[in-house]
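So the sequence shown is numbered by the numbering used here: it starts at 103 and just counts up by one.
Just so you know, the hints here were simulated from the structure itself, not pulled from any lab data. It should be emphasised that the depicted structure is a prediction, and the values quoted were computed from it without experimental measurement. Backbone N, C-alpha and C fix where the C-beta goes; we use that ideal spot for every residue, glycine too. There may be inaccurate statements among the hints.
Here are the computed distance ranges between Cβ atoms for each label pair [to be verified]:
id, residue 1, residue 2, range
1, Leu178, His300, 27 to 35 Å
2, Ser210, Gly276, 36 to 44 Å
3, Lys138, Met316, 31 to 39 Å
4, Gly276, His300, 35 to 43 Å
5, Ala223, Asn312, 46 to 54 Å
6, Ala280, Ala223, 18 to 26 Å
7, Ser210, Gly387, 12 to 20 Å
8, Asn312, Pro216, 24 to 32 Å
9, Gln362, Ser210, 33 to 41 Å
10, Ala223, Ala199, 32 to 40 Å
Result set (SDA-like, lysine to any residue): computed pairs, CA atoms no more than 20 Å apart in a straight line [claimed, not checked]:
id, residue 1, residue 2
11, Lys357, Asp166
12, Lys107, Glu309
13, Lys127, Ser142
14, Lys172, Leu156
15, Lys130, Leu332
16, Lys157, Ser126
17, Lys201, Gln318
18, Lys160, Leu128
19, Lys127, Lys373
20, Lys127, Ile336
21, Lys330, Ile122
22, Lys330, Ser126
23, Lys127, Glu145
24, Lys158, Thr359
25, Lys127, Leu331
26, Lys157, Ser142
27, Lys138, Leu331
28, Lys282, Asn292
29, Lys172, Gln104
30, Lys373, Val206
31, Lys130, Gln104
32, Lys311, Tyr364
33, Lys341, Ser126
34, Lys150, Val168
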Amino acid sequence: TQYIKTYFDLRKSNVYDEEIQSLSKLVKVMSAQADKGNLSQMELVRLKAELLSLKKEKNDIDNDWVNDSKALNLLLGFLPNADIEPMLDESVLGQVAAKQIDFVSIDSTVNERPDVKSAIANIDASRINLRLQKAMAAPNLTIKGSYDRRGSAINNFFSVGVGVAIPLFDRNQGNIKAAKYSVQQSVCENDAALMKAHSELYEAFQEYKNAVAMMQSSETSVEKDFDKLLSGLISNFSKRNINMVEFLDYYESYKNTRLQLYDIHQDVFLKMENVNAMAGRTIFGY
């Protein structure tokens with residue numbers, strides 16, 4: 103999960119780098135036009151304000167990357183200043199979307215989850231304790247032997263004793279009863295752990311399906327044509343084919359659409375990892 107977040111932090115930061123670079127060039131050109139009186143200072147200030155806003159947003163994204171990469175380095179046992187650039191093949195999302203996964207097939211192996219295994223182990227431990235307590239209720243036979251060479255009237259005296267501890271009163275019934283309750287409690291806890299595991303896996307699987315459906319309904323062509331759209335937008339504004347309001351509106355829309363696409367892709371990856379975690383094994387590999 104941390105790896106995925108760090109990867110998409112970088113992707114989003116690159117979007118801002120491209121927009122800041124292109125808008126910086128435009129501001130430089132428009133500044134020259136403003137000096138010649140071909141552009142109002144108000145429009146120039148508005149462009150500079152948009153550029154400043156982009157830089158502020160990029161700074162926030164970069165701070166997210168710092169925090170996520172620090173956490174990733176800690177998980178991997180690397181130094182805090184280790185420069186890691188995560189790589190993901192986003193093309194696998196198309197294969198994942200086309201892959202038909204039946205919930206019943208992944209739910210059938212939910213016993214592999216650590217919490218379920220732990221609950222099953224507690225049942226075994228409780229049953230062993232019950233057998234122990236029952237065994238302690240039986241008579242306890244002990245045999246003792248002693249040897250005395252000259253300490254008694256008879257030299258080289260040998261003696262053997264047999265002792266039997268008979269539980270005449272409680273016969274360990276209190277501990278046996280407690281052990282029986284412990285077994286029942288362990289069985290109930292195991293049932294609860296199974297229900298929780300099935301419920302969490304079902305929820306994770308449904309969230310994964312929703313994320314995939316959202317990805318399939320999104321317009322991915324914007325990502326592919328982003329550079330072309332951005333170049334055309336700047337060209338049209340420079341030629342005054344569109345006004346300042348239209349330019350900024352389109353500019354903001356392109357940026358937000360691209361960032362939203364990254365959020366959608368990130369969500370699918372995160373939901374796949376959540377299914378893996380809830381299933382207790384690798385369902386999705388990439």
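Now the hints, each set against the structure:
1. Leu178 <-> His300: 27 to 35 Å: 33 Å, holds
2. Ser210 <-> Gly276: 36 to 44 Å: 42 Å, holds
3. Lys138 <-> Met316: 31 to 39 Å: 48 Å, violated
4. Gly276 <-> His300: 35 to 43 Å: The hinted range 35 to 43 Å holds for Gly276 and His300, with Cβ atoms some 37 Å apart.
5. Ala223 <-> Asn312: 46 to 54 Å: 35 Å, violated
6. Ala280 <-> Ala223: 18 to 26 Å: Distance hint for Ala280, Ala223 holds at roughly 19 Å.
7. Ser210 <-> Gly387: 12 to 20 Å: 19 Å, holds
8. Asn312 <-> Pro216: 24 to 32 Å: 27 Å, holds
9. Gln362 <-> Ser210: 33 to 41 Å: 36 Å, holds
10. Ala223 <-> Ala199: 32 to 40 Å: 38 Å, holds
11. Lys357 <-> Asp166: The hint holds at about 18 Å.
12. Lys107 <-> Glu309: Holds, at about 18 Å.
13. Lys127 <-> Ser142: This hinted pair holds, its Cα atoms lying about 18 Å apart.
14. Lys172 <-> Leu156: Between Lys172 and Leu156 the Cα gap is close to 24 Å, so the pair fails against 20 Å, i.e. violated.
15. Lys130 <-> Leu332: 17 Å, holds
16. Lys157 <-> Ser126: Holds - the C-alpha atoms of Ser126 and Lys157 are around 11 Å apart, at most 20 Å.
17. Lys201 <-> Gln318: 13 Å, holds
18. Lys160 <-> Leu128: 18 Å, holds
19. Lys127 <-> Lys373: 39 Å, violated
20. Lys127 <-> Ile336: 10 Å, holds
21. Lys330 <-> Ile122: Status holds; Cα separation ~16 Å.
22. Lys330 <-> Ser126: With a Cα-Cα distance of about 17 Å, the restraint between Lys330 and Ser126 holds, given a limit of 20 Å.
23. Lys127 <-> Glu145: Roughly 15 Å separates the two Cα atoms, so the pair holds.
24. Lys158 <-> Thr359: OK: Lys158 and Thr359 at ~18 Å, within 20 Å.
25. Lys127 <-> Leu331: 16 Å, holds
26. Lys157 <-> Ser142: The hint is violated at about 23 Å.
27. Lys138 <-> Leu331: The hint is violated at about 28 Å.
28. Lys282 <-> Asn292: 15 Å, holds
29. Lys172 <-> Gln104: 10 Å, holds
30. Lys373 <-> Val206: Given that 20 Å is the threshold and the Cα spacing comes to 18 Å, the pair holds.
31. Lys130 <-> Gln104: Status violated; Cα separation ~39 Å.
32. Lys311 <-> Tyr364: 17 Å, holds
33. Lys341 <-> Ser126: 17 Å, holds
34. Lys150 <-> Val168: Roughly 27 Å separates the two Cα atoms, so the pair is violated.
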